[in-house]
Structures are given as structure tokens and as C-alpha cells.
Amino acid sequence: PALKNKKNEGRAMPTRGYRKGLSDRKEPVPCFVRSRITAPMFSALDREAEARNLTYSRLLYEILKAHQTGQRLEAPHARNIPHALMRQLSGALNNLNQLTRQANAGIVPVTPAELRQVMVAIERIARTYAT
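So the sequence shown is numbered by the numbering used here: it starts at 1 and just counts up by one.
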């Protein structure tokens, strides 16, 4: 169901950054916590927050929430892949998905082996940048 508010009348998606599967509801966080950490811990936190495109506060909040609930961390994955390459891979995989659907429907004469070869090539490219 789409969220209904003054800014979002009739839109299918919420206005702020939508990510599939994550709730858009804000939970109140009235308490403020200060802490001192070592320089190496701070630099590690800085790198992790930067890689995940989060603020320090949000990263620490997500880590503590995951620890408290005994669940996995629900923060964005750290990306070692450049954004431009990620967009190209996403587009290529979307095209592959469309071709696969058309091939299954008999619209495009493509063999499953050809589609698998393309998929393996895309995965190989993604793995080289992910390491």
C-alpha cells in the first residue's frame, strides 16, 4: 500500500529514498548517547559508514538495533563497485531478464544456453569488481 500524506497524494512510492522491503515508518529515538572511541576505531567506523553511505549515528544505531534484536544488520551493503559500473550491470541484468521472459514466451528465438552464457559473463565482470 502506498503511503498517504500531503506530499504523497496519489503516488505509488514514498517521496524519500524508497528501498524495497524496508519500512518507511520512522520510530522515535528520544535518547542521546555520547561515547569516546580510539582513533583506529574511529577510522574503521568512518570507512564503514562511508562505504555504506550512512552517517556515524545511523550506522551505530543500526548495529545496536541488530544486536539488541539478535538479527542481522539491515544497513546497505558496502559497495566496492563504482556507481557507474553498478548502473551498467543493473541495466544489463534487466535486459537479460526481459530477454529471458520473451524467450520463455517464444517471442524471441534464444536458447537457454545462450542466456546462461550472457549471465555467466555478467557475473564474472561483477565478481572482478567486488573483490
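FYI, nobody ran anything at the bench for these hints, they're computed from the structure. Mixed in with the good hints there might be a few duds.
Stated by the list, open to error - Across the chosen pairs, the derived CB separations fall in these ranges:
no.: 1; residue 1: Pro28; residue 2: Thr111; range: 53 to 59 Å
no.: 2; residue 1: Leu60; residue 2: Val108; range: 45 to 51 Å
no.: 3; residue 1: Pro30; residue 2: Arg101; range: 32 to 38 Å
no.: 4; residue 1: Glu123; residue 2: Pro76; range: 55 to 61 Å
no.: 5; residue 1: Pro40; residue 2: Arg87; range: 31 to 37 Å
no.: 6; residue 1: Ser90; residue 2: Glu50; range: 19 to 25 Å
no.: 7; residue 1: Ala126; residue 2: Glu27; range: 31 to 37 Å
no.: 8; residue 1: Arg124; residue 2: Ala103; range: 18 to 24 Å
In this text, all values refer to a predicted model and were calculated from it rather than measured experimentally. All C-beta atoms in this analysis are idealised placements derived from N, C-alpha and C, irrespective of residue type, glycine included.
Inset, instruction - Could you check the structure against the hints above and give me the numbers of any it violates, in ascending order? - result: 3, 4
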